[in-house]
Amino acid sequence: MKIKLMMHAAAGAMIATGALADGHATDLTLCWAAWDPANSLIELSKDFEEQSGHTMNFEFVPWTSFADRMLNELNSGGQLCDLMIGDSQWIGGGAENGHYVKLNEFFSANRISMEDFLPATVTGYAEWPKNTPNYYALPAYADVVGWTYRKDWFERQELQTEFMDTYGYALAAPETLGQLKDIAEFFQGRDIDGTTVYGAAIYTERGSEGITMGVTNTLYNFGFEYENPNQPYDLNGFVNSEGAVAGLEFYKELYEVGTPPGSSNWYMGENIDAYRSGQVAMQMNFAFVWPGVEADETVGGGNSGYFPNPAGPAGQFAQLGGQGISVVSYSDKQDAALEYIQWFAQPEVQQRWWDLGGASALRAVVEAPDFAISQPYAQTFLDSMAIVKDFWADPAYADLLIAMQERMHNYVIAGEGTAQEALDGLVRDWTEVFEDEGKL
Amino acid sequence: MTVSPIDRVAAKTPSGVARRIKGFSDRTIAWIFVAPTVFLLLAVNIFPLIWTIRLSFTNFRVNRPNNDVEWVGLRNYQRILTDPDVWNTMQATAHFLIWTITLQVLIGFILAFLINKKFKGNDMWTTIIVFPMMLSPAVVGNFWTFLYQPQIGLFNYVIAFFTGADPASFSMIGDVHLAPWAIVIADTWMWTPFVMLICLAGLRSIPDSIYEAAECDRASKWRQFWTITIPMALPFLMLAVLFRGIENFKMFDLVVQLTGGGPGNTTTLTSIDLKREAFEKWRTGYSSAYAVILFVTVFGLASIYVKALNKVKER
Chain A
101 MKIKLMMHAA
111 AGAMIATGAL
121 ADGHATDLTL
131 CWAAWDPANS
141 LIELSKDFEE
151 QSGHTMNFEF
161 VPWTSFADRM
171 LNELNSGGQL
181 CDLMIGDSQW
191 IGGGAENGHY
201 VKLNEFFSAN
211 RISMEDFLPA
221 TVTGYAEWPK
231 NTPNYYALPA
241 YADVVGWTYR
251 KDWFERQELQ
261 TEFMDTYGYA
271 LAAPETLGQL
281 KDIAEFFQGR
291 DIDGTTVYGA
301 AIYTERGSEG
311 ITMGVTNTLY
321 NFGFEYENPN
331 QPYDLNGFVN
341 SEGAVAGLEF
351 YKELYEVGTP
361 PGSSNWYMGE
371 NIDAYRSGQV
381 AMQMNFAFVW
391 PGVEADETVG
401 GGNSGYFPNP
411 AGPAGQFAQL
421 GGQGISVVSY
431 SDKQDAALEY
441 IQWFAQPEVQ
451 QRWWDLGGAS
461 ALRAVVEAPD
471 FAISQPYAQT
481 FLDSMAIVKD
491 FWADPAYADL
501 LIAMQERMHN
511 YVIAGEGTAQ
521 EALDGLVRDW
531 TEVFEDEGKL
Chain B
3 MTVSPIDRVA
13 AKTPSGVARR
23 IKGFSDRTIA
33 WIFVAPTVFL
43 LLAVNIFPLI
53 WTIRLSFTNF
63 RVNRPNNDVE
73 WVGLRNYQRI
83 LTDPDVWNTM
93 QATAHFLIWT
103 ITLQVLIGFI
113 LAFLINKKFK
123 GNDMWTTIIV
133 FPMMLSPAVV
143 GNFWTFLYQP
153 QIGLFNYVIA
163 FFTGADPASF
173 SMIGDVHLAP
183 WAIVIADTWM
193 WTPFVMLICL
203 AGLRSIPDSI
213 YEAAECDRAS
223 KWRQFWTITI
233 PMALPFLMLA
243 VLFRGIENFK
253 MFDLVVQLTG
263 GGPGNTTTLT
273 SIDLKREAFE
283 KWRTGYSSAY
293 AVILFVTVFG
303 LASIYVKALN
313 KVKER
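Chains as they are written, first to last, in this note's numbering: chain A, 101 to 540; chain B, 3 to 317.
Okay, chain A solo, but in the shape it has when bound (with noise of 0.2 Å):
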């Protein structure tokens, strides 16, 4: 590890004194979604730019027009990102369109080792085809889906005692799903404080990803497999298992008796406003807001806790998020935005992305001794990225999200037809898109 660290040292000495600085200061431009960490992000990106004598410009787009927009802008060759935080599924379409340099000869020139980073964030942001050792980005951001509860509310006594002689057990942080529609059950209406509240801010939200990244949370955990683990793009039989149809009437049964009214179209922005203003008492949302939760005056410091998502009769999974940074193959300064991510991927960086609020998924920050003590969340974020799994991430992953947002959507909120009936339509779906891609 010392060894590592001298070198990453002996990396940062070199680009501060600008040895492997191109020669010119150069303006780059980094290309994300508008959101909280993106903020952290211009902040730690200051020490870069004193350091190399480059400017950052920064382009984001809120997340629900961010994979049009930037998608837009690949497809195009456009080249108003340098560089390139994209979402976890534009990987294979990335590296197999040529929109993404191949960073392989870059990590082994600079020592940069993806065994230095959580392993599931190195498949699920810089792999293509995953699980090969092809690399088109580098963890950027580490991030899964996640619970937040009102601690302040489970501990009041009466509500505790009420709780027990209706359910037989303790009110606390759910450990298995059943648990959780139970305790969202239970607040679904009640009176607190004067005001109704509801049990839990769940992932609804149709035009975008939103119900997909949420189902996924039950789906998983009953059973769901995108394919058949002994013969790739088979579906039937894993898609639609059994367990799966169960997952998914889960969702739709947890939706019914302990979401808010109204919270048809909900996803990250629609949860954290519906906890943070007292609505409900659970809210689905990946980790990134987790940050925002502690520092907020009413439900942080202290008022909420944290907890994976809870298990299911097939075990315990929770829903990959986060990005990878890439260098977009249309600039023509790719030297410069290389220096970045030699910057970016240093340990003190990641450390102080970390600090700023940022997810690191460097392996010496997130595994260091005093990091699960870090923040009140560490433990649950760390608990959470060991059980993560993620949507397709193939060039066609838009077609197939389409459709799953549409079967869940239809099933789910409209109430059209059943569960199995929504998962046999997914298999047609994705059977088809997989034919038209040859892969079938």
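Hints in this document: simulated from the structure, not taken from any laboratory.
Don't take every hint at face value.
Which bits of chain B does chain A cover? Going by a derived footprint, with three or more residues having C-beta under 8 Å, they are [claimed, not checked]:
id, region
1, 58 to 69
2, 143 to 156
3, 257 to 263
4, 282 to 288
Going by beta-carbon spacing under 7 Å, a handful of chain A positions derived as facing chain B [claimed, not checked]:
id, residue
5, 175
6, 306
7, 307
8, 362
9, 364
10, 365
11, 498
12, 499
13, 509
Computed Cβ-Cβ distance ranges for the label pairs, DEER-style [claimed, not checked]:
id, chain 1, residue 1, chain 2, residue 2, range
14, B, 167, A, 162, 32 to 42 Å
15, B, 140, A, 396, 26 to 36 Å
16, A, 401, B, 140, 34 to 44 Å
17, A, 328, B, 44, 47 to 57 Å
Ideal Cβ positions, reconstructed from N, Cα and C, are used throughout, including at glycine.
Using the hints provided, position chain B relative to the given structure of chain A.
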């Protein structure tokens, strides 16, 4: 001898240029003036249209620049026209179109009729009524999202006040039966003033002398309304229907902001579906065929309608 301004300008024209222009016919000079506009129209309208038609017969995908582009004939058209999901979006669009146009024309005409009466504060009321159409559709979408919120939304409270129902017991944008009406209500709120203005123009164009003659003939107000007001305002009403029909066939922003096309596909209008095919699934060839079908539909219907409108005007 006085020199006219035209002569002065002509005198300033360099002799070389003047000699060249002198040789041009009027027709050539007219073409020189019109050419930039024609070029722009060809570049911005006609070329993309022809290109879209060409793409509609291929399997081109803009996000697969390295793939071979194959000529697939009418396959895209066949897939679209036999896809039940496309017909569902057509149905949703038809529901939206029929109800928004009906309500907007009805309410717009009534408002115009009332505003046309001379009363104190007439101008102020006109300004207040036209206010919604000055807003951006995205703003209106957001605004109505809040109004429809079951816990805090004013709309739910108003309905609850009159019906006695619990405001949180129904969700306008989360219920499959209510969501299609939620977008109709929001669009009607926004665009009825536009229809009102057109109707108002129609009503004000009717000469007072016709009503005076009717009064002399002792025609009742009711008869005057049906035999003078309606027939003479009809071309304007039909124009309003045409404008709103074309606009609402393309409706995208307001509905996306309000419902995102949901719940399920209940409020997925054709334009939303087309956008998903073109810029989310990136099926460029398929979506080009989809766009051509929509274009032909709107163009065909509008042409028939304009012919009918002209006939009404000729009467």
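Hints versus structure:
no., hint, result
1, 58 to 69, "holds (count 5)"
2, 143 to 156, "holds (count 5)"
3, 257 to 263, "holds (count 4)"
4, 282 to 288, "holds (count 4)"
5, 175, "holds, 5 Å"
6, 306, "holds, 4 Å"
7, 307, "holds, 4 Å"
8, 362, "holds, 4 Å"
9, 364, "holds, 3 Å"
10, 365, "holds, 5 Å"
11, 498, "holds, 6 Å"
12, 499, "holds, 5 Å"
13, 509, "holds, 5 Å"
14, B:167 <-> A:162: 32 to 42 Å, "holds, 35 Å"
15, B:140 <-> A:396: 26 to 36 Å, "holds, 28 Å"
16, A:401 <-> B:140: 34 to 44 Å, "holds, 36 Å"
17, A:328 <-> B:44: 47 to 57 Å, "holds, 54 Å"
When the structure is compared with the earlier hints, no violation turns up for any of them.
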